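Colleague: Letter by letter, the chains look like this.
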Amino acid sequence: MSELRVEGLAKRFGGLRVFQDISFVLPSGALLGVIGPNGAGKTTLINVISGRQPASAGRIVLDGRDVTNQPAHAISRLGLARSFQQTNTFKSVSVRENIARAIRFGQRGIPKGLENLLIEFGLTARLDEQSDKLPYGLQKMLGLAMAFATSPKVLLLDEPAAGLERAERNNVDLFVKHVREAGASVLIVEHDMDLIRRLCPRILVLDAGVLLADGSPAEVLARPDVIAAYLGDSEEAA
Amino acid sequence: MTPLIPRARFLLGGAEIAAILVFAAAFAVPTMTRSVLVYSVMNQALVGVVAAQSVWIMLRMNLLSFASPAFMAIGGYTVAIAGQHDITDAFVLTAAAFLLPALVAVPLGALVLRLKGTYFVLVTFVLSQIMQLLLFETPGLTGGSNGISGIPPVTFLGTELATNKQVVLFACGIALLATIITACLTRYFRQHFAAIEENEILAESLGLVVWRYKALGFVVAAGIAGLAGYSLVTMLLTAHPSSFESGTAVDFIAYTIVGGRASILGPVVGTASLVYATNLFGTHGQYAQGLYGALILVVVLALRGGVVGTVASLVRRIR
Chain A
0 MSELRVEGLA KRFGGLRVFQ DISFVLPSGA LLGVIGPNGA GKTTLINVIS
50 GRQPASAGRI VLDGRDVTNQ PAHAISRLGL ARSFQQTNTF KSVSVRENIA
100 RAIRFGQRGI PKGLENLLIE FGLTARLDEQ SDKLPYGLQK MLGLAMAFAT
150 SPKVLLLDEP AAGLERAERN NVDLFVKHVR EAGASVLIVE HDMDLIRRLC
200 PRILVLDAGV LLADGSPAEV LARPDVIAAY LGDSEEAA
Chain B
0 MTPLIPRARF LLGGAEIAAI LVFAAAFAVP TMTRSVLVYS VMNQALVGVV
50 AAQSVWIMLR MNLLSFASPA FMAIGGYTVA IAGQHDITDA FVLTAAAFLL
100 PALVAVPLGA LVLRLKGTYF VLVTFVLSQI MQLLLFETPG LTGGSNGISG
150 IPPVTFLGTE LATNKQVVLF ACGIALLATI ITACLTRYFR QHFAAIEENE
200 ILAESLGLVV WRYKALGFVV AAGIAGLAGY SLVTMLLTAH PSSFESGTAV
250 DFIAYTIVGG RASILGPVVG TASLVYATNL FGTHGQYAQG LYGALILVVV
300 LALRGGVVGT VASLVRRIR
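Residue numbers (numbering that gives the first Met the number 0), protein chains in the order written: chain A, 0 to 237; chain B, 0 to 318.
Hints in this document: simulated from the structure, not taken from any laboratory.
Source: prediction; values computed, not measured.
Sample of chain A residues with no beta-carbon within 10 Å of chain B, all distances over it, derived:
id : residue
1  : Glu2
2  : Gly7
3  : Ala29
4  : Thr42
5  : Gly63
6  : Gly162
7  : Glu164
8  : Glu167
9  : Arg168
10 : Lys176
11 : Ser215
12 : Pro216
13 : Glu218
14 : Arg222
15 : Asp224
16 : Val225
Covered stretches of chain A (in silico footprint by chain B; criterion: 3 or more residues with CB under 8 Å from a CB of chain B, positions within the stretch not fixed):
id : segment
17 : 74-81
18 : 88-96
19 : 100-107
Note that beta-carbon positions come from the ideal geometry of N, C-alpha and C, so glycine has one too.
All chains should be built: construct the whole structure from the sequences, respecting the hints.
Modeller: Rendered as structure tokens:
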């Protein structure tokens, strides 16, 4: 089982509160979307869960083990991987070397389905190309493939569709399918509401660092406070 | 078809083999000439290249260290103090000159490797300054401002290395040993070091224990700097604080940057070029420092990858 449990998580930078009292459970094999306006604290939430930044309060429990404020490498080796909002690869080396580093550094073996994923992304034909010579979309897919190559049990995706063309966004669906077939659970932070509706049976809404809603997309997106958070309330609009 | 993930193999690359061969070949030079000038320039270059390798190891992880003079001082004074106690065996002294600075680097690394960028640079510079203070303020151990002089020559398999030629040959041996250690370390962990150099955040998020490799690099770099100090003290038969001033780190960094930081040949070529230039410009009296600075400026601005990096990129283009 690979359950991720977040309890009362908070993050402050000095006097600035980024988010507070965030609690949720990502059960084994589940898929959870996180949405919210810019500045809501979504990326920082991923940074804190993955060990990139320390939590100010609260607990993060992975498979029953408290991993709060553990270093990023330790959390990664326990099976929690992440992707980045921007393209993030080792730019001076080949696609093959990028994947090889992910496998070696993760030390969890080669995940089942990795080769198929690379074929479907169109990366197999470009394995020996330097990664920064790839088009933006493929660099983004390479970043996702690298996170998958660490054989994660839980995967945090930070805006995987950002900057992608419409046709390329299908690759995100494909990626999530592969990850779930491999038995991992997925948390997706995303602005693309079509993608969120398509993929996620459950979503969380963050607004100004507060957990505003938790439920199915249909329920959550119909709530007036969520609509107001995204579009501004009627008085503001007027 | 090439497998998706090639097996990691530990083989020295062309640059590493070339660097080792350079120092193996250097043994021939003292047998071909008796020129004191050649011996002197060679000695300077051999000490410089070992110190530059210490800098280069840390640059492989994008860490610019000014701590090399501090560790050189530990290596050099270890040998000097051992000499005062009639310990002159080359093997014992080599082990001590490497291990003592490396051991000191363990707790220091735990402190300074938390820092990055400018902060790391500043703190390593401060380490070298503190070392100067320690050398001056512990006269009972280090001789204070007088240093330690009259150190007996090193003995190698029972033979005293007393002549100029023997000292140069000994410096060749130390440079060869330092090059082999540096080549093995940076080749074996090349993917780890390269990943840290290029994208530390990504490397750590993939599971690489970044601090472990930084600490390993820092400890070995300290040991290598200790060997440079050993070589220097063996050449001068004196250990003096002025030999290990923090400012000398600038020279070792310049050797590495001018030669090129992408290859182990960089410190070798950079040191050889700049030591030769120093001696050449030395004949121009008061203009010497200016000419030396201008040369570094021109090379850094015109050859962004250093001499070796630029040559390598030209060769790639021609191919």
